[in-house]
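Those protein sequence lines, which keep their order, are chains A and B. Per full-length UniProt numbering, residue 1 is the first one in the first sequence, and the count goes up by one each step. Per full-length UniProt numbering, residue 1 is the first one in the second sequence, and the count goes up by one each step.
Read the hints as simulated data drawn from the structure, not as lab findings. Computed from a prediction, not measured in an experiment: that's the story for all the values here. Each residue gets a CB set at the ideal place from its N, CA and C atoms; glycine is no exception. A portion of the hints provided could be inaccurate.
As the list claims (entries may be wrong) - Simulated DEER-style distance windows between Cβ atoms:
1) B:Met394 <-> A:Glu123: 48 to 58 Å
2) B:Leu574 <-> A:Asp105: 58 to 68 Å
3) A:Leu15 <-> B:Ala583: 53 to 63 Å
4) B:Phe405 <-> A:Leu15: 16 to 26 Å
What the hints assert, rightly or not - DSS-like mimics (lysine-lysine), calculated; alpha carbons at most 25 Å apart, straight line:
5) B:Lys402 <-> A:Lys114
6) B:Lys605 <-> A:Lys95
7) B:Lys605 <-> A:Lys114
8) B:Lys532 <-> B:Lys605
9) A:Lys95 <-> B:Lys513
Chain by chain, the residues run as shown.
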Amino acid sequence: MPKSKKTILVIEDELPLLEAIQRKLESAGFAVLTAQNTEAAMAKLQRGPKADLIWLDHYIFGKEPGLLFVAELKNDPRWSRIPIFVVSNASGPEKRQAYMSLGADKYYTKVDSKLEDICQDIEEFLAK
Amino acid sequence: MGKIKLPSPAQIKELQESQERYEKFFQAALFGVVIHDGKRIIFGNQEAVRLVGGKSQKEFIGKSILPFIHPESRVAVAKRILKMMVTGKTAPLFKEKFVRVNGEPFNVEVTSTPIHYQGKSAFQTIFRDINTQVKEEEELRQERQRLSGILNTQNTLVVRVDLKNKITYMNAAYKRAYGLKVGDTFWVKVHPDDAKATEEALAKLQNPPFKCALEQRSEVRGKWRWVWWEDSVIRDSQGKIIEIQGVGFDIDARKKAEEELMKAKIRAEETAAQEEALLESIGEGVVSIDVEGRIIFINKVAQRVIGKSAWEIAGQPFERLLPLVDENGQHIPKERMPLQVALEKGETVAVSSISTPYYFKPDSEAMPIALTATPVKLGKDTIGAIVVFRDVRMEKKVDRAKTEFVSLASHQLLTPLSAIKWYLELILAGDTGEVKGRLKDYLETVYKSTSRMGNLVNALLNVSRLEMGTFAVNPENTEISALADTILEDFAANISGKRLTVKKDYRPPRRLKVDPNLMHIILQNLISNAVKYTPENGEITVSLSKKGEDFLIQVSDTGLGISQEDQPEVFTKLFRGKNIQEADPEGVGLGLYIVKSMVERLGGKIWFTSTEGKGTTFFVTIPLTGMVKREGSRTLIARKENAKK
């Protein structure tokens, strides 16, 4: 376990999913911040503690706020360096491409991905 | 021709007294004279020799008469000779057939008289050649027969009427038609509508040109029939009119056909009027265009859309009035204009509401339309086209709503599935305490089923997108072999687990302008099937090559194969072969259906060869020109393979 826990901000509107993600990340040794919409996420970012990585769902109430949120973060020097992992059920390469071109680092589809695998990817990513 | 004037008995008697005088008398006669004893010739005059074609009188003396009598006449001749011998009387004139020296028969008129000659009983036979006469008579007879045959067997009606209106002649056709006979007063029932014309025509016979012609209905065997009459006058040798001759031709069939044609024309006009009314009343724009692309007909809806009236635009080129542009406002190139394609290739072109072009309304913004251009063909030639179009703004809205529904449904279905999966994952990872034994087995089964359900939902979404035609095509230069390799790598665990040999035969072209995502789905399904349904130690071959104008993909395996019975069903939605159901009970039966729908939409073909128990080869062709870009509201999802089963 690393001495200073890395902090992950999870943005997911579905409470059951949010809880599962939180459990998994915490048991993997991360500190977890949660938000069910982008406004709450922004508030958490501003208040701190500093997030080392953002776990973002695509559908979070409203029309494509996930994409807008990424754009917003990437345009703000305060947050633009935080890596973003998009974990969504919005499948299809055009979504993936949109996120990647906006500066997201990884893209997963929920139903096809294991929490374990995403966790490992996060660990490896943050270890770099 | 006169009758033969026989020498009188007195003369003969006198002659008998002097053979020399007798012979001299007959020598120069214009008829043949032969004296014979009933068997042999005693004397023949020069004319007799000439008629039978002999050279000299001498050669005939002592010869049998028999060869000179035609077999047909021999019995009659024998009877006559016998009769003369008995009665001693002259036999009257007969017509018989004699035979010339050269064997040629000829007709003769002959008479015979018993005489005494050189002190013996003999017969004096006098004959003349009537061959020419018989021939002429026969010809005349035949000619008469022919003429009457013509007159009586033809349908031409011939009648002659004298100045007292009595029939003096009629042919059989006339008799059959009107039931009159020669000697009857001429009377025919004329259709009242034709009475006046008949009267006028007949008046012309009284004065020059003394002939007339008319079409007339008269009653023939109880029915009105059309007859074309040509009447003329017949004169005697002094030029006096003695009779009127009518020659009629039955034109009933022709007139009836004309009447039918007229009726058909009226009917056609009525139909045309109805069709026009129909076209006017339907809610779609209908424009009929000639082979030059000019407007012939345009209905009200189309006029409203174009914003001009029919008389303003008749004859104008259609594509100038309804300029088609794509979604970006770019004019559609001529070779893709639906009307051009319909006229030039003779094919029906339909532009659906999904990938719709737009048309410019001259004074307002572009409006989405769906359009069908159908060639009008006369035989093999395209003589024009019909363009039917409609405003699809509403449909566009519905389509968008549908697409949104599909994506919403996918979210709604996949979210709880994700939750189930992730919680199971947590449980199985020991998050709630150690899981072991049957509980672990059961939970793993639940987990697998959930994954399967995820794949199933994705497959169903793909199907719905394919069926709605909403999938996008984004062609880019793609290295197919690299794509194939990536997919084979995804299956590496399964391949090595079964110890399968993979053979690759990649030939140029290496790159093709295709949508990598669609290509991925195609290859993935084919390779996945090959891996799944090939038993241990089998072989899989992936070949890429060029075949004519197409890029050819072949995926072969030494697997279970498809039974003859199942082969026709292979591409059917939700179909699964019996043998593969046993091998892989988890399959859904959508893979090949999706691949086929996709390949065909991309202008390619798919087929296979298979022997049950030996293996299968699937062939897919994609035009070398690559895929055509298509804007779609949705992208198809490549299935996520679980590398480890």
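Hint check results:
1. Evaluation of the 48 to 58 Å hint for methionine 394 of chain B and glutamate 123 of chain A yields a pass: the beta carbon distance comes to about 52 Å.
2. With their beta carbons about 39 Å apart, leucine 574 of chain B and aspartate 105 of chain A fall outside the hinted range of 58 to 68 Å.
3. Under the hint 53 to 63 Å, the C-beta atoms of leucine 15 of chain A and alanine 583 of chain B, about 41 Å apart, miss the expected range.
4. At roughly 24 Å, the beta carbons of phenylalanine 405 of chain B and leucine 15 of chain A sit within the given window of 16 to 26 Å.
5. The straight-line distance between the Cα atoms of lysine 402 of chain B and lysine 114 of chain A is roughly 31 Å, outside the 25 Å bound, and the hint therefore fails.
6. Between lysine 605 of chain B and lysine 95 of chain A the CA atoms are separated by roughly 30 Å; this puts the pair beyond 25 Å, and the hint is violated.
7. Using a Cα cut-off of 25 Å, the hinted pair lysine 605 of chain B and lysine 114 of chain A is violated, with the two alpha carbons roughly 37 Å apart.
8. Taken as a hint, the lysine 532 of chain B and lysine 605 of chain B pair is honoured in the structure, with Cα atoms around 23 Å apart against an allowance of 25 Å.
9. For the hint pairing lysine 95 of chain A with lysine 513 of chain B, the CA-to-CA distance comes to about 22 Å; that is within 25 Å, so the pair holds.
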